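Keeping their order, the protein sequence lines are chains F and H.
Heads up, our numbering is the position in the first sequence plus 6, with the first residue counted as 1.
Heads up, our numbering is the position in the second sequence plus 6, with the first residue counted as 1.
Quick caveat, the hints were computed from the structure, so don't treat them as lab data.
Fair warning: this is a prediction, and the values are worked out from it, not measured in the lab.
The C-beta atom is built at its ideal place from N, Cα and C for all residues, glycine as well.
Any given hint could turn out to be false.
[Unchecked claim] Pulled a few chain H residues facing chain F out of the computed Cβ check, cut under 10 Å: (1) Pro18; (2) Glu20; (3) Val22; (4) Pro25; (5) Pro26; (6) Gly55; (7) Phe97; (8) Thr98; (9) Asp237; (10) Glu332; (11) Val340; (12) Gly347; (13) Ala350; (14) Leu409.
2 protein chains.
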Amino acid sequence: MASITKVSPFAPGELVPLPPIAGVKIAVAEAGIKYANRTDVLLMLFPEGTQVGGVLTRSKTSSAAVDWCREQLQHASARALVVNSGNANAFTGQRGREAVEATAAFAGEAGGFEAERVFIASTGVIGEPLDATKFSHVLSKMAGEANEDLWHDAARAIMTTDTYPKVATRRAFVGNVPVTLNGIAKGSGMIQPDMATMLSFIVTDAAVEGHVLTELLRRHVKTTFNAVTVDGDTSTSDTLLIFATGEAAAKGAPKIAGPDDPEAAAFSAALLSLLHDLAIQVVKDGEGISKLMTIHVEGAESDEAAHRIAMTIGNSPLVKTAVAGEDANWGRIVMAVGRSGEAADRDRLSIWFGDIQVAKDGLRDPDYKEEQGAAYMKRGEIEIRVDCGAGGPGRATVWASDLTYDYIRINADYRS
Amino acid sequence: MASITKVSPFAPGELVPLPPIAGVKIAVAEAGIKYANRTDVLLMLFPEGTQVGGVLTRSKTSSAAVDWCREQLQHASARALVVNSGNANAFTGQRGREAVEATAAFAGEAGGFEAERVFIASTGVIGEPLDATKFSHVLSKMAGEANEDLWHDAARAIMTTDTYPKVATRRAFVGNVPVTLNGIAKGSGMIQPDMATMLSFIVTDAAVEGHVLTELLRRHVKTTFNAVTVDGDTSTSDTLLIFATGEAAAKGAPKIAGPDDPEAAAFSAALLSLLHDLAIQVVKDGEGISKLMTIHVEGAESDEAAHRIAMTIGNSPLVKTAVAGEDANWGRIVMAVGRSGEAADRDRLSIWFGDIQVAKDGLRDPDYKEEQGAAYMKRGEIEIRVDCGAGGPGRATVWASDLTYDYIRINADYRS
């Protein structure tokens, strides 16, 4: 990937602080996998009894680490997470599988638990063999040094072309006991997650069974990580994992045993909010982004249809370049709606930029003035609302970045 | 659209000459619809008895002209074609419909035939009302001046962001009588035709029934116009029409009454070759193109599956930018195959750049050297071959342009 010189205009001034979560220890290190002078390995250690849930890429060419996580998720029990950046360990065949097994074995040895309790994620170049021996000494050293207060460092260690680390935290009350949810994520190209983003990890002290964690993620990714797009591409490595230590149970928090249990409601809402926060951060750091589009579609036959229409708009190179060029070119939105394949009535279609109606009942709104649109498009965050005219109850919202010279610069440069 | 300063590197040195087709008269004019100092209206007049076939965009927001053509194609009988550039007359509601009817009436009056025999296509900005009164005097003047030898001018008059006119001609023998097929086409953004390209018109003196013309187009667009992509977007106005004057019957050519008749074979082959020629010309003039990709996929479950995999590769912004950057980044091809949703076996996947095998049985080919790939990527025409490993008989070829700074420049500029 190319060197990044330009930070996203949406980078936060400073990172929100993440509170420690009792018993969760973090270490980062420089293993020199690909990058020089930066951390590229993250180790998280979880207390005994930690449950895990996850959703993984549906790519047919998933990485060795994704395959491993899919297998271990059946047990729903975790003691560690190892993430490396710089090499995706994807399309590396049997050697890739062996690299994952070796990494899990090193981490298990370092922490004193079974290799099967170690969850692994890798991100970076596809098709290069990953030399897991680089982790052997690093991981045991990391396990010795790990401490509870390194959340920002964790987010930094998993970055690739990201221009800022992505962190978020939420608090919820489960049976009157406060629980914490901390999350980190990374983007920032190859992003139209299908089940999950490239990489995101959530940790909570709530007591939640693994299958409930997975079910809650499944429900919430639809309107969060699966509703953002940078370039329409889906990674071989998309991984979203949530670890629940259950430590809050010692303070009296009831165990959440079903996704629809009354105890689950506040936790579920906090998780949704956290995932939404992280997903928006990912798209706001989309490669080369200059503007964020929020695309609302209504009047579709179903929520799924509305989602597909919104994604077609958000992925259209012609819409994305128009937004980048501050051109209120709503004709390209009409095109994208028509192209989506979903039911839409051209002669009832309406389009708004923010509160400005530009098209109405299949025609340019007679009251619309080009200057209004031009002025609106100068904003950093552009809201596009479309009633596709099919008269249905379906609605959806999608967040997308625009398509700029910088996207080309970042992606057309040599890998070296 | 932006002013175009850079001509496609694939522009032909000079245009191939197109022979006149007896009885087919052409005129072009400057109606001043949008562009200054360039022709923007094309009129073609056909002799009595001319049959017509066509395929039209499947967009749900199709233009008024497309709706009109769809209606008139039921009669399969044509006397004129009117095309304007600069305004697509799409998303213009009842006024758009009225503009089409007025244009047809003007042309019918000028030529002395029914308005329903007039086929119409419009290309350019979406959502702006088209003032058809501009055509009223122009068309009668054009009808008076029309002559048989203006094929290159015809191709030029329908251009929008095209950097060169697209023309092609073929000859076939129908029952030992030579017949001619002339074709013109235009692109060059919003191109992933779905049924047809943006605009292409074929004229022949063969005697072919309208329903046969439509059926032959349907068969042949699959591997020609529907197998090229610039930006994955589909126009509201995609129109491919073929007009058959039948004049060759006077010289003894048998009438072609069925797509599988023995008389149809040579004509059908010539038509396929012509469509292929024009489709490649369209993608070679794709907005901002610097390199042409030819993407072959084999080993898929079906030809349709292979086509979808190839299109996913050809539309991937990450693949397109890698090619633009002369980066032999085959990992992004693996990603696109995985993302396509079609059956593929990661551990049997093989990839070639030209004759250079880069991936083999789910791994980087041990004999592959990065320098080979780097050298190959310097070419103007890049061949990518993928065996997706599903072990099926499905295969397909797709042609795609890359994604460059110039694409952004062309599309991110203001419309004005």
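To see whether the hints hold, each was checked on the structure:
1. Pro18: At about 26 Å, which exceeds the 10 Å cut-off, the nearest Cβ of chain F leaves the hint on H/Pro18 violated.
2. Glu20: Hint on H/Glu20: violated, closest Cβ of chain F at ~32 Å, above 10 Å.
3. Val22: Violated, about 31 Å.
4. Pro25: Check failed: Cβ of H/Pro25 comes no nearer than 36 Å to chain F, outside 10 Å.
5. Pro26: Result: violated, 37 Å to nearest chain F Cβ.
6. Gly55: violated, 35 Å
7. Phe97: holds, 5 Å
8. Thr98: holds, 7 Å
9. Asp237: Because about 4 Å separates H/Asp237 from the closest Cβ in chain F, which is inside the 10 Å limit, the hint holds.
10. Glu332: holds, 8 Å
11. Val340: Status holds, d = 5 Å.
12. Gly347: holds, 8 Å
13. Ala350: holds, 5 Å
14. Leu409: This interface hint holds because 7 Å falls under the 10 Å limit.
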